[in-house]
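Chains as they are written, first to last, in the working numbering: chain A, 1 to 296; chain B, 297 to 530.
None of these hints come from the bench; they were simulated from the model. Please note: incorrect hints may appear among the correct ones.
To be verified - Part of the chain B face toward chain A, derived, beta carbon under 7 Å:
#	residue
1	Ser344
2	Asp360
3	Arg363
4	Ala366
5	Gln376
6	Gly386
7	Tyr398
8	Arg399
9	Met425
10	Leu460
11	Val464
Stated by the list, open to error - With a straight-line cut-off of 27 Å between C-alpha atoms, the simulated BS3-like cross-links for lysine-lysine are:
#	chain 1	residue 1	chain 2	residue 2
12	A	Lys163	B	Lys424
13	B	Lys314	B	Lys350
14	B	Lys403	B	Lys424
15	B	Lys422	B	Lys403
16	A	Lys283	A	Lys163
17	B	Lys314	A	Lys163
18	B	Lys350	A	Lys283
19	B	Lys350	A	Lys163
20	B	Lys422	B	Lys411
21	B	Lys411	B	Lys424
Idealized CB from N, CA, C, for every residue including glycine.
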Amino acid sequence: MSVFIQQLINGFFIGSVYGLFAIGYTLVFGVLDILNLAHAAIFTLGGLSALWLTRTTGLPVWASFCLATLFSGLLGLVLYRVAFAPLRRRADSNLSGLISSIAMAIIFEAGAFEIFGARTVRFPQGMFAVRVYHFDSLTFTSLQLEIVAIALGLMVVLSLCLKHSRTGKAMRAVAESETTARLLGIPVERIISETFFVSSALGGAAGILFGLYFNALGPDMGRSIELKGLAVIILGGMGSIPGAILGGIAFGMSEVLTVALTGMSSLRDAVAFSVLLLILILKPSGLLGRGRIRQA
Amino acid sequence: MLRVRDLQVAYGPVIAVKNVSLDVASGAIVSLIGPNGAGKSSILNALSGVAPLKSGSIVFNGRDISRMSAHQRVSAGIAQAPEGRRVLAGMSVRENLELGGYRRPAKEVRENIGKMEEYFPVLRQKSKMAAGSLSGGEQQMLAIARGLMARPGLLLLDEPSLGLAPLVVRFIFEFLERLRDEGQTILLVEQNAREAMEISSYAYVIESGRIVVEGASRELRRDAAIERAYLGLA
Chain A
1 MSVFIQQLIN GFFIGSVYGL FAIGYTLVFG VLDILNLAHA AIFTLGGLSA
51 LWLTRTTGLP VWASFCLATL FSGLLGLVLY RVAFAPLRRR ADSNLSGLIS
101 SIAMAIIFEA GAFEIFGART VRFPQGMFAV RVYHFDSLTF TSLQLEIVAI
151 ALGLMVVLSL CLKHSRTGKA MRAVAESETT ARLLGIPVER IISETFFVSS
201 ALGGAAGILF GLYFNALGPD MGRSIELKGL AVIILGGMGS IPGAILGGIA
251 FGMSEVLTVA LTGMSSLRDA VAFSVLLLIL ILKPSGLLGR GRIRQA
Chain B
297 MLRVRDLQVA YGPVIAVKNV SLDVASGAIV SLIGPNGAGK SSILNALSGV
347 APLKSGSIVF NGRDISRMSA HQRVSAGIAQ APEGRRVLAG MSVRENLELG
397 GYRRPAKEVR ENIGKMEEYF PVLRQKSKMA AGSLSGGEQQ MLAIARGLMA
447 RPGLLLLDEP SLGLAPLVVR FIFEFLERLR DEGQTILLVE QNAREAMEIS
497 SYAYVIESGR IVVEGASREL RRDAAIERAY LGLA
């Protein structure tokens, strides 16, 4: 029984990182109706740049975390300017945007490969004091707690900003109708740029937390989370922020539970994606989708 | 206040508006009337900066605004209330109003929301409800109030009577007269020619993207031939 609960907790921890990754994915989708397939590459670059900052400049982890998150946001701006903005006035911009985001993903990954090398790299030993807590038979570390606190904290802050801040309301207005937003005097281009900045900063932050959690980073670390992120936002409902959070945690838990119950780690992805298929059949709009079916 | 010369709007190869010239005097209600698809909304959207302007000039309060972006035009004092179903359905009534005042300081926005809720008490009662859950008439009131939140010198109104019951239409038009009496300048697009001519001082009849007749509303109404030919009222 305690093994079971331990696994649930682990699933919750990693699920919160999936949620943080997916929230940026879904934010851009909600505003632009475009899947940004370079999101996973930004996730990778965020993690690797945080590691690089820590190792070469000797900055404390929290400082490199902040700088690398900022850097990821700036990468998002570059991404929007290069891959999406020039195509926006074309009729088929959804498909061409999808393709150009794949191109940017490949460019970003190649850049990561050149700069950071192909090997899996780790944060230096003893970078931070990790305490281990025991409750009955349950074990978790201070690092795990910090990761989940940061992930949940960022998600809560984003949700509050979207709900209450002026820019957040403008983002939601652009998501509903770009033309109406323009009629209201909202500078749509700037709001979209800001959306990309926030989305990519969160994606980068997820990459850093992911790297800290497994203490393994490499230029291909985005691969494993790319499809999972997509699955998470479909599971939660495309464009829904609470859906992405819930979907991420549900996905993380289903992964670890599969391993715990069957004892076979090779089944992990198969079961998680089977759950996704089931949801798509039973409730096509996702867990928290608004009833309307997305054709994605 | 507004002076438009030789306005052309084209969506790719399709020309929607041809050589339209019109004037709106300060404090007046001016109407653009004509059948569905005549290009009336395209004219409004070109004034708002959301339809592709091919050529022509738009001078507002002495400034040429034809190269300005949509949000700069709102700052300059032109706001549009698109036809009623274009409220932000998933956002609350209050959020719709707040966004209408996007380019105004926060303090002024709060005051203006109070003023809009005095105009339309139903907007206060349903302040927290999703705009999409309002009735057609209420959505139209919201769209007008949201336009007014920008404190525009010129309010562009697109088909405020569209799909509404006659009693609601009456209410909306009486409200527009009240606004005019308070000094608000309005450019009104309407298919409902009779009602529009009643409250406007000057009218342009649009057909196939061009102005076919123009004149003081009172005189146009008296002209039976115009009624039969363009307004379908007889």
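Hints, one by one, checked against the model:
Here the hint on Ser344 (chain B) is kept, as its CB sits about 6 Å from the closest CB of chain A, short of 7 Å. The interface hint given for Asp360 (chain B) is violated, since its Cβ lies 19 Å from the closest Cβ of chain A, which is over the 7 Å cut-off. Checking Arg363 (chain B) against chain A: minimum C-beta separation of about 16 Å lies over 7 Å; hint violated. Hint on Ala366 (chain B) holds. Least Cβ distance to chain A is approximately 4 Å, under the 7 Å limit.
Interface hint at Gln376 (chain B): satisfied, since its Cβ lies 5 Å from the closest Cβ of chain A, which is below the 7 Å cut-off. Interface restraint check: Gly386 (chain B) against chain A, minimum CB-CB distance 6 Å, threshold 7 Å, status holds. The interface hint given for Tyr398 (chain B) is met, as the beta carbon of that residue sits about 5 Å from the closest beta carbon of chain A, less than 7 Å. Given the 7 Å rule on beta carbons, the hint for Arg399 (chain B) holds: about 4 Å separates it from the nearest Cβ of chain A.
For Met425 (chain B), the interface hint is violated, since its Cβ never comes within 7 Å of a Cβ in chain A; the closest pair sits about 16 Å apart. Taking 7 Å as the C-beta contact cut-off toward chain A, the hint placing Leu460 (chain B) at the interface is violated, the least distance being around 19 Å. The criterion of a C-beta within 7 Å of any C-beta in chain A is not met by Val464 (chain B), whose closest approach is roughly 22 Å, and the hint is violated. Distance check on the hinted pair: Lys163 (chain A) and Lys424 (chain B) sit about 13 Å apart at the alpha-carbon level, within 27 Å; holds.
For the hint linking Lys314 (chain B) to Lys350 (chain B), the alpha-carbon distance of about 10 Å falls within 27 Å, and the restraint holds. For the proposed pair Lys403 (chain B) and Lys424 (chain B), the alpha carbon gap of about 20 Å is at most 27 Å, so the pair holds. Distance check on the hinted pair: Lys422 (chain B) and Lys403 (chain B) sit about 22 Å apart at the alpha-carbon level, within 27 Å; holds. Between the alpha carbons of Lys283 (chain A) and Lys163 (chain A) the distance comes to roughly 26 Å, so the proposed pair stays at or under 27 Å and holds.
Between Lys314 (chain B) and Lys163 (chain A) the alpha-carbon distance is near 43 Å, which puts this suggested pair outside the 27 Å criterion. Taking the CA atoms of Lys350 (chain B) and Lys283 (chain A), the gap is near 47 Å; set against the 27 Å cutoff, the hint is violated. Distance check on the hinted pair: Lys350 (chain B) and Lys163 (chain A) sit about 39 Å apart at the alpha-carbon level, beyond 27 Å; violated. Between Lys422 (chain B) and Lys411 (chain B), the direct Cα distance comes to roughly 15 Å. Compliance with the 27 Å bound is thereby established for this hinted pair.
Restraint check: the Cα-Cα separation between Lys411 (chain B) and Lys424 (chain B) comes to about 17 Å, which is no more than 27 Å; the hinted pair holds.
Comparing the model with each earlier hint shows violations of hints 2, 3, 9, 10, 11, 17, 18, 19; every other hint is respected.
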